[in-house]
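Student: Sequence:
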Amino acid sequence: MIWLFLIIAIAAAAPFVIEHYRPIMSDGRRGSARGQFVELSQGVTHFHLSGPVDGPLVVCVHGLTTPSIAWSYLTKGLTGLGFRVLIYDLYGRGFSDHTTALQDKGFFNQQLDDLLEHLEIDTAFHLFGYSMGGAVAAGYAATNPTRVRRLVLLASAGFSRPDTPLVRFIRTRGLAGKWLMLAAYPLQLRQGIKAEQAQHKVPQDISDAQTAELVFQGFIPAVLSSLRGILARPLEGEHMALRQAGIPILALWGADDEVVPASAMGQLAAWNRDATHEVIDDAGHGLPYTHAEAVLQHITAFLPDPTSVAKDT
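Following the numbering used here, the numbering of the sequence shown begins with 1 at its first residue and continues without gaps.
By construction, these hints were calculated from the structure, which means they are not laboratory data. Just to be clear, a hint being listed does not mean it is correct.
Result set (EDC-like, lysine to aspartate or glutamate): computed pairs, CA atoms no more than 20 Å apart in a straight line [stated by the list, open to error]:
(1) Lys-105 - Glu-117
(2) Lys-201 - Asp-282
(3) Lys-201 - Asp-256
(4) Lys-194 - Asp-205
(5) Lys-194 - Asp-282
(6) Lys-201 - Glu-293
(7) Lys-178 - Asp-104
(8) Lys-194 - Asp-208
(9) Lys-194 - Glu-258
(10) Lys-76 - Asp-205
(11) Lys-105 - Glu-238
(12) Lys-76 - Glu-293
From a predicted model like this one, the values you see are computed outputs, not experimental measurements.
I would like the entire structure built from these sequences, with the hints used as guidance.
Tutor: Right, dumping it as structure tokens:
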């Protein structure tokens, strides 16, 4: 009987012990990263600013599990067109610090506000959000409507979708949910990465970056914190506020997306009938890196010409 209790105790402790002994993101591990680092109010943030210094600014917010490299293929096209592009790693992802705070709308708004203040950016900009980053971007734009010129959402989260029993347990069961997340999520994410790569020809550098996230302490808790924070509810109020503010919105959807189905556009259309929608054929969830060319075509048609002196109204 003692052996049985011992086995149960080891099984219960193992996910927490493994997480505790994962390496911490540090200055030494940041040495190979492109871009810059800044100590903000919630921790160190990794960012990269590229493109013409006098070009219209585009700020890009990545999703739940893929860090800012998710924007690398679109960034090349946008800077080539004349846009100034800011990408950054959300806390708990990429080369940014891993924090313990609840990752809700206010948390993500604070990181972006801090970064913009550091860069002395006080003019309005175009805001892009991918997957969970779409929820972050919508929340930021609803809170700061005068700062956002146009909003582009790619396979955006923030809409109602029934949870699986597993996700519901993880989201609502406190310490037990965290245990299950630490125990089950690494394998689940690896399987998802392999499946997406096989189905949609994900670039190898993207898959490598996604897998590398699992190495570091704090990534899985950050994902869990976002599930319990920014992703815990649909953003109906935020999108209705965006409509009232009159911010032009382009929503891009993958026809074959199984993470955020294109049917979510119906909810956005109900909340904001002024939003523009485009569906990209044969695309899954990885729109910005699997179908960058098609995405760029829609974005180019939606945004004002960056070389024009005319102001966007």
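Student: So, for every hint listed, does it hold in this structure?
Tutor: Checked hints:
no., hint, verdict
1, Lys-105 - Glu-117, "holds, 18 Å"
2, Lys-201 - Asp-282, "holds, 11 Å"
3, Lys-201 - Asp-256, "holds, 13 Å"
4, Lys-194 - Asp-205, "holds, 13 Å"
5, Lys-194 - Asp-282, "holds, 18 Å"
6, Lys-201 - Glu-293, "holds, 14 Å"
7, Lys-178 - Asp-104, "holds, 17 Å"
8, Lys-194 - Asp-208, "holds, 11 Å"
9, Lys-194 - Glu-258, "holds, 14 Å"
10, Lys-76 - Asp-205, "holds, 15 Å"
11, Lys-105 - Glu-238, "holds, 10 Å"
12, Lys-76 - Glu-293, "holds, 10 Å"
Hint check: no violations occur; every hint is consistent with the structure.
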